[in-house]
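One letter stands for each residue in the lines below.
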Amino acid sequence: MDWLLIIREILTHSVRITLLLAAIIIPLMVGLALLRDSRLLDRAAGLLAPVLKRLNLSSRAAFPLLAGFFLGIVIGSGVIIAFANEGSLTKRDLMLVLVFLGICHSVVEDTLIFIALGANWWVLISARFLLAAFAAYLVSFLLQPKPATAPNT
Amino acid sequence: MITKDTWRKGFADGLKTSLSLLKVIIPVFAVVKVMEHTPVIKWIAQAGDPLMRFVGLPGEAALAVVTGMLLNFYAALGIIFALGLSAWQITIMAVMLCCCHELVLESAVIKKTGISAWPILCIRLVTAFAAGAVMNLVGNLVPQLG
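Here the protein sequences come in this chain order: B and W. The first sequence: position 121 = 121 (the numbering used here), numbered continuously. If you count the second sequence from 1, you need to add 153 to reach the numbering used here.
The reader is advised that the hints may include incorrect statements.
The calculated DSSO-like cross-link candidates involving lysine-lysine, where the alpha carbons are at most 27 Å apart (straight line), are [stated by the list, open to error]:
hint : chain 1 : residue 1 : chain 2 : residue 2
1    : B       : K53       : B       : K91
2    : B       : K91       : W       : K176
3    : W       : K265      : B       : K91
4    : W       : K186      : W       : K176
5    : W       : K162      : W       : K176
6    : W       : K157      : W       : K169
7    : W       : K169      : W       : K186
8    : W       : K264      : B       : K91
9    : W       : K162      : B       : K91
10   : W       : K264      : W       : K176
11   : W       : K265      : W       : K157
12   : B       : K91       : W       : K169
13   : W       : K264      : B       : K53
14   : W       : K265      : W       : K176
15   : W       : K264      : W       : K157
16   : W       : K265      : B       : K53
Here are the simulated distance ranges between beta carbons [claimed, not checked]:
hint : chain 1 : residue 1 : chain 2 : residue 2 : range
17   : B       : L4        : W       : Y227      : 21 to 31 Å
18   : W       : K157      : B       : L112      : 35 to 45 Å
19   : W       : P203      : B       : G118      : 23 to 33 Å
Keep in mind the hints are simulated off the structure, nothing from the lab. No residue lacks a Cβ here, since even glycine has one placed at the ideal position from N, Cα and C.
Bound-form chain B, shown alone (with noise of 0.2 Å):
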């Protein structure tokens, strides 16, 4: 194999790579910290909080949830990275976000690709959605919160 080029194709990936999440990140955690001290993040928030509720999540996780869902895993990793600093997210918090994000994440993009293959899209969207929504579920009974907060239904 030819070392060379594949260490030019490294090097250039991984200057655009860098270009690319910087442009989308940057951006975004400005946008973030806007919506934030605005207050408008957590009125979106409440937006998803049928959701999230459901999963016993807070409404901090709705925002890497978002992020993730239309941009891809790892700008909805960066949210949580972000966030994680804060202290705002338990492990299952992040363990069930990651859950449902590992399964459907960047839907758009995924989603137009195979489009172009000839893939049925409406069978590939919701079929996403669903073995997401469902696996999150599963794992939501697995990972119980503290029995102080867990509902006795």
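Given the coordinates of chain B, assemble chain W onto it according to the supplied hints.
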């Protein structure tokens, strides 16, 4: 309240997060690239060949599935294109690969958030193959799907 500090903090957060992600992504990406040029993937694909029947795909599709799941989603697309699958087979492939792709890189990124990546990796693999098997059955029952 939005102040100058809001902008400054957002920018600093973005920079810090980008850096901590790149520290994981670039080394893993380099490993993945090298693996793409070794025969390791072909060996795994040979082992996975018989599994393809359960999800209604030809044996040759194993190379696309293994490449996409482990290494590179986009490299897998080229292989799929060359296979000449039916519309339903492409949909099966799409669901499987969308649920479960680039496990090496994405697991490294997930681990960076502070939890174990193994449970998520296993869930994704099981989900992908279970979905493929069910879709294969549906395809056999409803021939109009192609």
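Hints versus structure:
At most 27 Å may separate the alpha-carbon atoms for a hinted pair to count; K53 of chain B and K91 of chain B meet this at roughly 16 Å. At most 27 Å may separate the alpha-carbon atoms for a hinted pair to count; K91 of chain B and K176 of chain W meet this at roughly 22 Å. Straight-line distance between C-alpha atoms of K265 of chain W and K91 of chain B comes to about 13 Å, which keeps the hinted pair within the 27 Å bound. Using a Cα cut-off of 27 Å, the hinted pair K186 of chain W and K176 of chain W holds, with the two alpha carbons roughly 16 Å apart.
Distance hint between K162 of chain W and K176 of chain W is fulfilled; the C-alpha atoms sit about 21 Å from each other, no more than 27 Å. With a CA separation close to 19 Å, the supplied pair K157 of chain W and K169 of chain W stays within the 27 Å bound. For the hint pairing K169 of chain W with K186 of chain W, the CA-to-CA distance comes to about 26 Å; that is within 27 Å, so the pair holds. Pair hint K264 of chain W plus K91 of chain B holds up; C-alpha atoms about 12 Å apart against a cutoff of 27 Å.
At roughly 25 Å between alpha-carbon atoms, K162 of chain W and K91 of chain B fall within 27 Å of each other, so this suggested pair holds. Of the supplied pair hints, the one linking K264 of chain W and K176 of chain W holds, its CA atoms being roughly 13 Å apart against a limit of 27 Å. Note on K265 of chain W and K157 of chain W: the hinted pairing is violated, with a Cα-Cα distance of about 30 Å set against a maximum of 27 Å. Pair hint K91 of chain B plus K169 of chain W holds up; C-alpha atoms about 21 Å apart against a cutoff of 27 Å.
Restraint check for K264 of chain W and K53 of chain B: the C-alpha separation of about 25 Å stays at or below 27 Å, so the hint holds. Between K265 of chain W and K176 of chain W, the direct Cα distance comes to roughly 10 Å. Compliance with the 27 Å bound is thereby established for this hinted pair. Proposed proximity of K264 of chain W and K157 of chain W is contradicted: the alpha carbons are some 33 Å apart, above 27 Å. Under the criterion of a C-alpha separation no larger than 27 Å, the hint pairing K265 of chain W with K53 of chain B is consistent with the structure, at around 26 Å.
Evaluation of the 21 to 31 Å hint for L4 of chain B and Y227 of chain W yields a pass: the beta carbon distance comes to about 22 Å. In this structure, K157 of chain W and L112 of chain B meet the distance hint of 35 to 45 Å, their C-beta atoms being roughly 39 Å apart. The supplied range of 23 to 33 Å is met by P203 of chain W and G118 of chain B, whose beta-carbon atoms lie about 26 Å from each other.
Violated hints, listed in ascending order, are 11, 15; each of the other numbered hints is respected by the structure.
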